[in-house]
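Q: So the protein sequences, as listed, match chains Z and U. Going by numbering that gives the first Met the number 0, the first sequence opens with residue 0, and the numbers climb by one from there. Going by numbering that gives the first Met the number 0, the second sequence opens with residue 0, and the numbers climb by one from there.
Heads up, some of the hints might be wrong.
[Unchecked claim] List time: in silico SDA-like cross-link candidates among lysine to any residue, alpha-carbon distance up to 25 Å:
1) Z/Lys269 to U/Val217
2) Z/Lys129 to U/Asn261
3) U/Lys260 to Z/Gln222
4) U/Lys260 to Z/Lys44
5) Z/Lys129 to U/Val217
6) U/Lys103 to Z/Tyr260
7) Z/Lys193 to U/Ala117
8) Z/Lys129 to U/Asn52
9) Z/Lys44 to U/Gly144
10) U/Lys103 to Z/Cys26
11) U/Lys106 to U/Ile186
12) U/Lys203 to Z/Gly6
13) Z/Lys235 to U/Gln150
14) Z/Lys269 to U/Asn261
15) Z/Lys102 to U/Gly18
16) Z/Lys186 to Z/Ala173
No lab work stands behind these hints: they were computed from the structure.
For reference, the chains in residue letters:
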Amino acid sequence: MKLKREGLGWRILRNILVLSGLILILCPLYLVVINSFKTLEEAGKNFFALPSSLNFTNFIELFSNSNYWVFLSNSLKITCISVGLILIFVPSLSYAIARNFNKKYYRSIYYYLLMGLFIPSQVIMLPVTKMMTGLNMLNHTGLIILYLAFSLTQGIFLFVNYIKGLPYEIEESAHIDGCNVFQTYVKIILPLVKPMIATLLIMDTLWIWNDFMLPLLMLNRSQDIWTLPLFQYNFKTEYSFNYTMAFTAYLMAMAPMLIIYCMGQKYIIKGLTAGSVKG
Amino acid sequence: MKKFKPNRLATSSRATYFGFTIIPVLLYTFFYVFSVINGIRYSFTNWDGMAQNYDFVGFKNYISLLKNPYFWNSMKTTLLYSVMLVVCVISISLTLAISLNSLKWFKTFTKSLFFVPAMIGGVTIALIWDQMYYRVVPVIGQALGIDWLSQSLLMTGKTALPAVVFVHAWQAVALPTIIFIAGLQQIPDEQYESAQIDGATLFKRFRYITLPYILPTVTINLVLIIKQGFTSFDFPYALTGGGPVRSTEVIGILIYNDAFKNLKFSTANAEACLLFVVVAIFSLTQLKLTSKRGND
Numbered sequence: 000m001k002l003k004r005e006g007l008g009w010r011i012l013r014n015i016l017v018l019s020g021l022i023l024i025l026c027p028l029y030l031v032v033i034n035s036f037k038t039l040e041e042a043g044k045n046f047f048a049l050p051s052s053l054n055f056t057n058f059i060e061l062f063s064n065s066n067y068w069v070f071l072s073n074s075l076k077i078t079c080i081s082v083g084l085i086l087i088f089v090p091s092l093s094y095a096i097a098r099n100f101n102k103k104y105y106r107s108i109y110y111y112l113l114m115g116l117f118i119p120s121q122v123i124m125l126p127v128t129k130m131m132t133g134l135n136m137l138n139h140t141g142l143i144i145l146y147l148a149f150s151l152t153q154g155i156f157l158f159v160n161y162i163k164g165l166p167y168e169i170e171e172s173a174h175i176d177g178c179n180v181f182q183t184y185v186k187i188i189l190p191l192v193k194p195m196i197a198t199l200l201i202m203d204t205l206w207i208w209n210d211f212m213l214p215l216l217m218l219n220r221s222q223d224i225w226t227l228p229l230f231q232y233n234f235k236t237e238y239s240f241n242y243t244m245a246f247t248a249y250l251m252a253m254a255p256m257l258i259i260y261c262m263g264q265k266y267i268i269k270g271l272t273a274g275s276v277k278g
Numbered sequence: 000m001k002k003f004k005p006n007r008l009a010t011s012s013r014a015t016y017f018g019f020t021i022i023p024v025l026l027y028t029f030f031y032v033f034s035v036i037n038g039i040r041y042s043f044t045n046w047d048g049m050a051q052n053y054d055f056v057g058f059k060n061y062i063s064l065l066k067n068p069y070f071w072n073s074m075k076t077t078l079l080y081s082v083m084l085v086v087c088v089i090s091i092s093l094t095l096a097i098s099l100n101s102l103k104w105f106k107t108f109t110k111s112l113f114f115v116p117a118m119i120g121g122v123t124i125a126l127i128w129d130q131m132y133y134r135v136v137p138v139i140g141q142a143l144g145i146d147w148l149s150q151s152l153l154m155t156g157k158t159a160l161p162a163v164v165f166v167h168a169w170q171a172v173a174l175p176t177i178i179f180i181a182g183l184q185q186i187p188d189e190q191y192e193s194a195q196i197d198g199a200t201l202f203k204r205f206r207y208i209t210l211p212y213i214l215p216t217v218t219i220n221l222v223l224i225i226k227q228g229f230t231s232f233d234f235p236y237a238l239t240g241g242g243p244v245r246s247t248e249v250i251g252i253l254i255y256n257d258a259f260k261n262l263k264f265s266t267a268n269a270e271a272c273l274l275f276v277v278v279a280i281f282s283l284t285q286l287k288l289t290s291k292r293g294n295d
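If we strip away everything but chain Z, and leave its shape as in the complex, we get:
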């Protein structure tokens, strides 16, 4: 019934829109993938066609000549540790704030932390770079600490109201059964806030993994500590003539996130939507 009433013109227009959108999204990615399997010569002759054979020389050169594995493991290390720490600190802090909101101290730290919503990243970047230079912390440890400190505002914003909305009765009965606050937090609250934890995990992983500005300011001194985005940016100048090689590098930089996306796209879309609707 409904299908028949939908105008044919609208359906055609809609399909054209969706299709051209898809082409616009997939075309650059397609070109990156096919050209990373070509030699420079072959790409020069035919940029748009599929490669005549699967040629892995670019990949082999990338893996052996550049420090790709070093950059990959740097990115992995920084992302995993930062996100791990964020997931330890944000929910517990939010729990403390949410359950003591009638007390002045907790209410004021809540608003104190929310102040960060008003501050654009550019304001902090310059002084923080000077500060980290002074502290001799222009390294991974410094970067991880900064990610943790900078993630609190949004984390609190997402978590506190969510925890406030949870029924208090379950915690009360846990208290009566003899659980202390810490046990209640681990056994009762953490399982209840799982959806929010997933959201925070996805949002912060994407942010930290893809972040360019902070690594540019903090890690640009020595190659050994670069992350993948920094490597790619610097790769631009180094391989400006050898662009199929550059495509290989872009492909290998996207690959980890795209693989994860293929495995859990449903949860990733859901988590990111939940996070930004709240944020």
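Starting from the known structure of chain Z, arrange chain U on it as the hints suggest.
A: Same frame as chain Z, but now just chain U:
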């Protein structure tokens, strides 16, 4: 006995609650708040970022900024950038969301394909499009015989800014689209059906049924995108670095260049503080809007 227990519990729970707050609050204070204060302080000095000593000069940096044509150029570019980004992203994502939502086949699959750009980092996207502008777009332009498309769009002052905004939009459309779809799915089908029986046109149906339902999501998306526009850095930095002839020098780029290339560290901090004022006014409006929505 019974009176004792809750009391003892209360003391230890208070300690636990308090313990949960110590480390994060200290980190935030030291690295975040302290940095902001430092930044404001630097903006009133004449520090170049390197020298051992510097003096406080009052509002001198601000006054010279307001007289500086490059600063105003950058403010104008940022505003233009944000407006173009908002118009592009909101119109495209809304159209896309309505189209995708009415799709009969492969709906979930198509949706997930459109979301792929949100997974890729800004620098990677910028570098890929840099190649596209250099190698693909001119080919299309030549084939179609369009003059301005026949050379790299990033090379000429007029087309560079729209080209950068386009790449930013390419990534930024993904999330608003999904948020719009979530809003659209709340509209009951019966409303459309009865409207159709009453003979409402497509436009009228959009205006009187779709729009009221998705208005809250429009607000969310607007806020999201405007903030992205004001603070954009990755895309212009990796695509053009601010050029050609400062035509894409948004405020983020100006601050970075002044601080680390032109040795005008204190001026850069003053620029950042002015950006802070703009973003703060905007965020307050956002907070008001969202809290109003929460009360409804």
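Q: Please list, smallest to largest, the hint numbers that this structure does not respect.
A: When the structure is compared with the hints, numbers 4, 5, 14 turn out to be violated.
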